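> Residues in the sequence shown are numbered consecutively from 1, following our numbering.
These aren't lab readings, by the way, just hints derived from the structure by calculation. Treat the numbers as computed from the prediction; the structure is a model and nothing was measured. Hints are not guaranteed to be accurate.
Ranges between beta-carbon positions, derived for each pair [what the hints assert, rightly or not]: (1) S204 <-> S42: 18 to 24 Å; (2) A38 <-> Q97: 45 to 51 Å; (3) L61 <-> K201: 24 to 30 Å; (4) M1 <-> P36: 44 to 50 Å; (5) D205 <-> D64: 41 to 47 Å; (6) K215 <-> K29: 46 to 52 Å; (7) Q97 <-> G60: 47 to 53 Å; (8) K187 <-> G32: 32 to 38 Å; (9) S42 <-> N200: 20 to 26 Å; (10) S161 <-> N213: 17 to 23 Å; (11) P84 <-> E219: 30 to 36 Å.
Calculated cross-link-like contacts (lysine-lysine; reagent style PhoX-like; alpha-carbon spacing at most 25 Å) [said to hold, decoys possible]: (12) K74 <-> K29; (13) K215 <-> K131; (14) K78 <-> K29; (15) K187 <-> K22; (16) K192 <-> K3; (17) K131 <-> K210; (18) K22 <-> K3; (19) K81 <-> K29; (20) K3 <-> K210; (21) K215 <-> K192; (22) K74 <-> K22; (23) K3 <-> K131; (24) K210 <-> K187; (25) K159 <-> K78; (26) K29 <-> K3.
The C-beta atom is built at its ideal place from N, Cα and C for all residues, glycine as well.
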Amino acid sequence: MLKAVLFDMDGVIVNTEPLHYKAYYDMFKTVGIEVPLALYQSYTGRSTISTCKGICEHFGLENDPEELVQLKRKAFQKLFKNDPDLDLLPGVLDLIQNYYNNGLTLVLASSASQITIHDVFTRFELDQYFKGRVSGADLEASKPHPEIFERAAEIAGFKPSECMVIEDSTSGIKASHAAGIYCVAYKSEHSKNQTYTLANKLISDFSEIKFENIKSEFEN
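Model the full assembly from the supplied sequences, consistent with the hints where possible.
Next comes the structure, spelled out in C-alpha cells:
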C-alpha cells in the first residue's frame, strides 16, 4: 500500500532550473571558464557542492569548490528575489493537496540547499502539507547515491516499498532505483537530456498520478 510520497523540488514542484542555469553560468563567467551545455546538463539533480567539485576537477581549477558554491548561491538568491515569473509547475499543487487529503505522508528530498528550500516553501506556503524536508547539501553523498531517499523514507516513517518518489532527473531516478523505491519520472520541458529508463512510470502531466490513479500500483 502506498503510504508516503517523496518529492524532488527543482523541476517537479517549482521551475527554478532556468534560475539555476543563469546562476551557474554567472559563476562560471566569474571564475573564467566556458562550460559546454551538455556538461552542465550532466550535473542535473546533483547538489551544488557536488557539481562544483566536479567542475573544479574537470577544469583543473585551483579554487576551493565551496568558493564556487557561494558565488552560485549569491547569484541564485538575487535571481530568486527578482524573478516575478517564478511559479509552481502546472498541476503540482493540486497533486500535493490530493495526496495530503488522502492521508499520504509527504517528504521533500531535494538536492537544493536548505536556504533555497525554505525560500520556495515560504513563498508558496507548502510547509502545511509536508512532514519533513531533506537537503542533499546536508548529506555525505549526492544523487545518484540513494542516501537522500533512504533518509526521506525514514522521516516519513515507512518502508521503501510503501513509498513513491517523483523525480525529473537522471541522477534522481538512479537514486530512487538504488534505494529500492518506486519512481515516477516527470518528463519536464525544463529538464533536457535526461534518461528515464530506470523509472517505474513516465508521465508528462501530474493528473496521471493522482492518488486514485496510482494507488493500484501498490496494492498486493
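> Now tell me, hint by hint, if it's right for this structure.
Hint by hint, here is what the structure shows:
1. S204 <-> S42: 18 to 24 Å: 23 Å Cβ-Cβ, so the 18 to 24 Å window holds.
2. A38 <-> Q97: 45 to 51 Å: 37 Å, violated
3. L61 <-> K201: 24 to 30 Å: 40 Å Cβ-Cβ, so the 24 to 30 Å window is violated.
4. M1 <-> P36: 44 to 50 Å: 45 Å, holds
5. D205 <-> D64: 41 to 47 Å: At 43 Å between Cβs, range holds.
6. K215 <-> K29: 46 to 52 Å: 48 Å, holds
7. Q97 <-> G60: 47 to 53 Å: Check passed, 48 Å falls within 47 to 53 Å.
8. K187 <-> G32: 32 to 38 Å: 35 Å, holds
9. S42 <-> N200: 20 to 26 Å: 23 Å, holds
10. S161 <-> N213: 17 to 23 Å: 19 Å, holds
11. P84 <-> E219: 30 to 36 Å: Hint violated: Cβ distance 44 Å, outside 30 to 36 Å.
12. K74 <-> K29: 14 Å, holds
13. K215 <-> K131: 20 Å, holds
14. K78 <-> K29: 16 Å, holds
15. K187 <-> K22: 21 Å, holds
16. K192 <-> K3: 31 Å, violated
17. K131 <-> K210: 19 Å, holds
18. K22 <-> K3: Between K22 and K3 the Cα gap is close to 37 Å, so the pair fails against 25 Å, i.e. violated.
19. K81 <-> K29: OK: K81 and K29 at ~21 Å, within 25 Å.
20. K3 <-> K210: Holds - the C-alpha atoms of K210 and K3 are around 13 Å apart, at most 25 Å.
21. K215 <-> K192: Status violated; Cα separation ~29 Å.
22. K74 <-> K22: 12 Å, holds
23. K3 <-> K131: 13 Å, holds
24. K210 <-> K187: Status holds; Cα separation ~16 Å.
25. K159 <-> K78: Judged against 25 Å, a Cα distance of about 39 Å means the pair is violated.
26. K29 <-> K3: Outside the cut-off at roughly 45 Å; violated.
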